[in-house]
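**Q** The primary structure of each chain is shown beneath.
There are 6 protein chains.
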Amino acid sequence: MTESTAASLLVVSAHAGDFVWRAGGAIAAAVLRGERATVVCLSYGERGESASQWLAGKDLDEIKQIRRGEAEAAAAALGADIEFLDLGDYPLVESPEAVAKLVDVFRRVQPTVVLTHPLADPYNGDHPAAARMALQARVLAQAIGVANSDGSFPSKEEIIGAPPVFFFEPHQPEQSDFKPNVLLDITEAFPKKRAAMECLPAQKHMWTYYTDLAIRRGVQVKRNAGPNLGLPHETMGEAYVRYYPQVTGELA
Amino acid sequence: MTESTAASLLVVSAHAGDFVWRAGGAIAAAVLRGERATVVCLSYGERGESASQWLAGKDLDEIKQIRRGEAEAAAAALGADIEFLDLGDYPLVESPEAVAKLVDVFRRVQPTVVLTHPLADPYNGDHPAAARMALQARVLAQAIGVANSDGSFPSKEEIIGAPPVFFFEPHQPEQSDFKPNVLLDITEAFPKKRAAMECLPAQKHMWTYYTDLAIRRGVQVKRNAGPNLGLPHETMGEAYVRYYPQVTGELA
Amino acid sequence: MTESTAASLLVVSAHAGDFVWRAGGAIAAAVLRGERATVVCLSYGERGESASQWLAGKDLDEIKQIRRGEAEAAAAALGADIEFLDLGDYPLVESPEAVAKLVDVFRRVQPTVVLTHPLADPYNGDHPAAARMALQARVLAQAIGVANSDGSFPSKEEIIGAPPVFFFEPHQPEQSDFKPNVLLDITEAFPKKRAAMECLPAQKHMWTYYTDLAIRRGVQVKRNAGPNLGLPHETMGEAYVRYYPQVTGELA
Amino acid sequence: MTESTAASLLVVSAHAGDFVWRAGGAIAAAVLRGERATVVCLSYGERGESASQWLAGKDLDEIKQIRRGEAEAAAAALGADIEFLDLGDYPLVESPEAVAKLVDVFRRVQPTVVLTHPLADPYNGDHPAAARMALQARVLAQAIGVANSDGSFPSKEEIIGAPPVFFFEPHQPEQSDFKPNVLLDITEAFPKKRAAMECLPAQKHMWTYYTDLAIRRGVQVKRNAGPNLGLPHETMGEAYVRYYPQVTGELA
Amino acid sequence: MTESTAASLLVVSAHAGDFVWRAGGAIAAAVLRGERATVVCLSYGERGESASQWLAGKDLDEIKQIRRGEAEAAAAALGADIEFLDLGDYPLVESPEAVAKLVDVFRRVQPTVVLTHPLADPYNGDHPAAARMALQARVLAQAIGVANSDGSFPSKEEIIGAPPVFFFEPHQPEQSDFKPNVLLDITEAFPKKRAAMECLPAQKHMWTYYTDLAIRRGVQVKRNAGPNLGLPHETMGEAYVRYYPQVTGELA
Amino acid sequence: MTESTAASLLVVSAHAGDFVWRAGGAIAAAVLRGERATVVCLSYGERGESASQWLAGKDLDEIKQIRRGEAEAAAAALGADIEFLDLGDYPLVESPEAVAKLVDVFRRVQPTVVLTHPLADPYNGDHPAAARMALQARVLAQAIGVANSDGSFPSKEEIIGAPPVFFFEPHQPEQSDFKPNVLLDITEAFPKKRAAMECLPAQKHMWTYYTDLAIRRGVQVKRNAGPNLGLPHETMGEAYVRYYPQVTGELA
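Protein sequences appear in the order of chains A, B, C, D, E and F. Mind the numbering: the first sequence is residues 1 to 252 in my numbering, read in order. Mind the numbering: the second sequence is residues 1 to 252 in my numbering, read in order. Mind the numbering: the third sequence is residues 1 to 252 in my numbering, read in order. Mind the numbering: the fourth sequence is residues 1 to 252 in my numbering, read in order. Mind the numbering: the fifth sequence is residues 1 to 252 in my numbering, read in order. Mind the numbering: the sixth sequence is residues 1 to 252 in my numbering, read in order.
Hints were generated in silico from the structure; no laboratory data involved. Hints may contain errors.
The list makes no distinction among identical chains, and a pair is therefore deemed to hold if it is satisfied within one copy or across any two copies.
Claimed, not checked - Simulated crosslink set (DSS-like; lysine-lysine; CA at most 25 Å straight-line): (1) Lys204 with Lys192; (2) Lys101 with Lys156; (3) Lys58 with Lys204; (4) Lys156 with Lys58; (5) Lys204 with Lys156; (6) Lys192 with Lys101; (7) Lys101 with Lys179.
With the sequences and hints as input, model every part of the structure.
**A** See below:
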């Protein structure tokens, strides 16, 4: 369908840990295929997702450093590049300036696939805010008349195409109107996802939780791929919502 | 994901002409790839979609013959096999017996992909009735405890897997809650679709209508695949709704 | 709100095993509170949910007996009464006669709470068929002008009120548009649910699957009840959709 | 489910009168049970809901005083505390600063139940704006890393839990996608609601309108609680949408 | 848009009383404009909506006669013709034969507007069943190849066009997903509607209930037509859902 | 329903060209009936919809001038007044100040009908931003307590009523959840729409695209207005979504 482009995965994550739990399998799988993967964290999750560190008496800068370090380690375990926009969390405030920074990222990374949060999450307003900014930046980055954040205009090569966008799974999927239309087999990539999870020691109980979820989504991978006559349950999965229609030359 | 199986496309069509207008491109594309395609028409559309022949004074049997002949010619133009269940139309009445006949078809054809009507159509109740029967038959055909219509039980090889189902486009898509999540590029296959349409001479004004629709869906193919900087508008498309989640090893 | 009535839970289950996996916790909890619980299985799941027995060469009657025995054992483990309408499965065919039998059950059991399947399930048409019949029977059983299935008319005492209806969780919740609005704490009842699951030996891999699901829903019980500061993860849950509005004297 | 906490109802109202018409029954019922109720009005409704006073030639400050006095009288009639954030109306502008003030309110009031407007209202954009800010503040107030508006950090006791949120009824419910899932019996509390309504003399025609609505919702209370064999129509009701799933130990 | 046809209103009512409460204003208004109105009652509501008569010891035939007499009186008060298909209620069973009788009605009446129940009603399955049959009959009646119920084929004049369909208001609108998109001013017609209601003496409490509803919908008529600066509340209304798109030469 | 007011159509367009492609028929039809039509363009579409001019090396001001000139010519071809708020595009940023300018427009134009973009468009965030501002301005303009942008207060005559709002068709309707409920016959007005389209020479391929769309919507005009027995396909149409309920004295 599209001319041959180097595959490039861009993951827009509201907080420093989100990409690990929800999209670690997809990221590791892309890297295993030899593709480039880039994670951009809009904040460190320093206020809203670091309760144990606050309770331990750390201050804001310390917490940001801890979270940054953990996220860098997790990205390394997955084989992904990572960068941080440090926009603040709880709330993550949307602004034209923040979107402009993301436009720069899109143009630099030239993503062929984009992953981000879904547009609804009654438990965490930062997640849909991140998604809205990622979607807006993706559209603006396509336009040759939209300047870069330094005021320069992009060349024809610097604007981006229309990469597909996939929303990764929120913590409470049904409450967030998350109805997966893509089930990704991450069986091979799972050990790397597990290793990345283990880079986040403060949330040890989540390691099991997201391993169980991968098993559960793996069952659905099998259910939707064929009959289920007592096969062993070793397939691991992640669930996604494709936002734009799939463009394809073959129904399958 | 699935073990290598010979690709086999099954199209369940309420009336004799539906598969041509709505899925001719997908059928021709499958045949062009060397796959097998089978169309099963639940009725001839003899009462509800043959107004000009009734006005011309034909009787029921004559009309059924005419419609059958046209559908066979169109299927031949696409390179597909075709069969007719002759269940009657307007209304197409759902029954366990009709579904059992479809179960036989599914087990014989062993489809790897299924196409049928969407589940809502305020203008034609036969279309959702066909879809409901196709979906029910697909599930029953998976079960080793469900007998064939002759009372025999299927072997482990005769039951089917879980082939993906795609709904093809209804005549008034928005009114039928049809929100495409797959846009199929049928540029190469289109001449065969056009030839098949021309096998239906009583609906000559539809030739243009569905050619224009293919252009329109082709524009969306391009819009969803990349930027649109004055490219020529020659891409042809068909729109589909994937009913079950896509199972994949790679987001793309 | 309602005059004091002896609490009576009625569970309408399409197949013999459904009530165990999906509602075993609610059933056991009711029994633990000293309430009566009645399960009515519309079929044994003999064709659609007994693949391993068909593969083992059993015939239809043998399979029905096996399934009946397992379901009786599971009901006993939960402390519930159980009855079987033997309407056949795959497909479970809806009919006025089948509904009339359910009307009798409703009038005999006088339920104060009703549990059944949700109205959508793309993977199993028997489940919504069971739900539609349960809902229809509940309304018909309220009407003094609707005869019992033996032709007699009910007295004023024999008709039922308007018991709340809860849909229990389908196997693939998001695909079945299942958005829970009630999260039930089944921590105390869970050992009985586990014991009931272990009465179904042919589906041993499901024991773990539904234990993991109870943990997952338990996490949501805690998330929706208060803050989550590193508490142990021992709460077990089941998810439900309340179909009619809750009637209450107090918002809580 | 939750440890024993003093019940505390918090009502977030866009304009000075909203809480009376839409939630007066729930407020009075809470007070009658001995609970604390607090109303916070984000604005006085001085521009958008005071047409008769503008026509009478009052100026902005006079109108704010009149509205404030009426709202204080109505709150007193219900037995509730009331406070005013004076954020301006038509439009009620969302901002991080306004949300921060609400965070303070949540932490001070420690609500066990929260009432606010629904998220859609095509007739009045201030209502969904109030709801979005209330929901955001409720989540931020839970986080120990989110500072109070004076820059201090909350103690572990000052952050809040996860109180349930109920949306009260908008003026045109169907147009606002308001599908009640809780029907509250306010029969006993209604005289106090009526007294509160009568504190708003400029909207005398609303007294009858909202009394009729209470009767109408009362009919639904009875319809959803049991049979309806010619009973007198004296039950009064209010309708609500519960936003998060109900957490419970018993289905009822 | 359409060639000049004599206006003809057809109302398809599941039970004998439904058309009065829900569409009496539209019927009376059409008659006041000099148009023809025809009501077809699919059943008498003899089982499901005649509790007081069953409690009074009447038998089935007596109840049907009473209900028929009341409905005839109400239709006369509105100025409408009425006929009865006596298909039975609770449940109203859908069948090709019942639909065929309705096809005859559509072809005889040649409606320019059709009113019926909405497609969802969790409290009464007969209402959506009536709607489904009315919608199916409307489509079949358009087809020249669909025979009349006596086996004869229609002439070109006997088939019908595509009259708009409006769903009238169910008893619990929000629970039935009833979101009105048409608000009908019935101020002038209301005295006739009230007179028709008073032909149904067994449901005296409904006279007030539906008068209050007309006032409530009248308030919405005014709200959606212009500003609301203390006008008297005398406008009466009925709410409808238009099922097919409005076809018009002018946006207004 | 409403007192006699001079008909006045107001079209709120995000970019300079939108009103031509999507609402040119409705505008021309209004002018042909002798009504006044006013277009307000919030931006020129200078960044996001002027790729060919950027590629040709024009600068921002030149592009704005070109776009303005084309839009003025197109408005003249339709017979409409046009004004420009020059708020900038890609992104079109929402602000209270921008809304206040629109409030002034609403009060000056006194619209009896309002056209704007729909509330969802995954391909262009400026479109829903324009719609949100138009809807907010319409409500604020109704309130006598909301000042004009110069600080003066409106008289009773200067505030507006509650004109109906229609959303015009987005480029990818199904993806934008656009389900038309009004189909407008623009057959007579189409030559003027075509002439207006031809004022936009840079988008010549769109002339055919939107002519084909008018044919397609014209087919639906006919389908929804009556039977379709081989009539010539010359009707031209535009599709709209009515946002507020239609208020009418007659169902038709």
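**Q** Go through the copies and call it for Lys204 and Lys156: within, between, both or neither, with a Cα cutoff of 25 Å.
**A** between (47 Å within a copy, 22 Å between copies)
**Q** As a check of your reading, is Lys204 near Lys192 (CA-CA no more than 25 Å) within one copy, between copies, both or neither?
**A** Result: close within a single copy only, 16 Å intra versus 29 Å inter.
**Q** At most 25 Å between alpha carbons: which applies to Lys58 and Lys204, within, between, both or neither?
**A** within (19 Å within a copy, 47 Å between copies)
**Q** Is it within, between, both, or neither for Lys101 and Lys179, if the alpha carbons may be no more than 25 Å apart?
**A** Neither way: Lys101 and Lys179 sit 30 Å apart in one copy and 33 Å across, limit 25 Å.
**Q** Check Lys101 against Lys156 for me: Cα-Cα at most 25 Å, and say if that holds within a copy, between copies, both or neither.
**A** Classified as within; 19 Å inside a copy, 36 Å across copies.
**Q** From the Cα coordinates, with 25 Å as the cut-off, is the pair Lys192 and Lys101 best called within, between, both, or neither?
**A** neither (30 Å within a copy, 44 Å between copies)
**Q** With 25 Å as the alpha-carbon cut-off, assign the pair Lys156 and Lys58 to within, between, both or neither.
**A** between (47 Å within a copy, 14 Å between copies)
When the structure is compared with the earlier hints, violations turn up for hints 6 and 7 and for no others.
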